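Going letter by letter, the sequence shown gives residues 77 to 262 in the working numbering.
These are calculated hints, taken from the structure and not from any lab test. All values reported here derive from a predicted model rather than from experimental measurement. A few of these clues could be false.
As the list claims (entries may be wrong) - List time: in silico DSS-like cross-link candidates among lysine-lysine, alpha-carbon distance up to 25 angstroms: (1) K198 with K179; (2) K232 with K200; (3) K200 with K179.
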Amino acid sequence: MMLGRICALSFCFGLAACGPGGFSTSDDAVFAPSIDPRGAAVDQLTVGHRLMAAREFELALSSFRLAAAEQGLTPEVVSSLGSANLALGRLNQAEELLRRATKDDRDSPDAWNNLGVVLIEKGKTAEAAQVFRRAFALDNGESVAIRDNLRLALAKLENSQYGAEIEQEYKLVRRGSSDFLIRPTQ
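With the hints as constraints, model all of the structure from the sequences given.
Listed below in structure tokens is the structure:
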């Protein structure tokens, strides 16, 4: 049994030595490129923005996380993380990050615009309109996207009135010690 293993092992070594490069790597084989220690590091924020443009939102989020590890949580990094979460539909995370970004850098129209988009998606139309106004003012009205978002928010705000047939009286009903239920009155 032991003799069979030794023969199989020596046969494998013999085959490896018969290759074009012997036991060393061959020039005609496909190998991963080596790492250049003197090479310049790639800016992860730039990579993340390119991935966002390519609609690769998960990869962009990973790239923005790497940027956060390299540069720290700068307002631009936090805003980028919020934008990636918004694109992925993670509204609560996006809102938290974008609020932090606008608190740290009050002059970023992109962060304000993205925060407004989150608020519109969450149904907070009045606050979204105010946020879009701020973004529009910071951008000096140059961005078509911000202007369109502001128009949409103002239109939704004007059309959010209840009709007489929808208006009802409600009462708060207590169920148990800390459970409440809202019910229409009869």
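Checklist entry - Quick check: which numbered hints come out false for this structure? => result Checked against the structure, no hint fails, so every one of them is satisfied.
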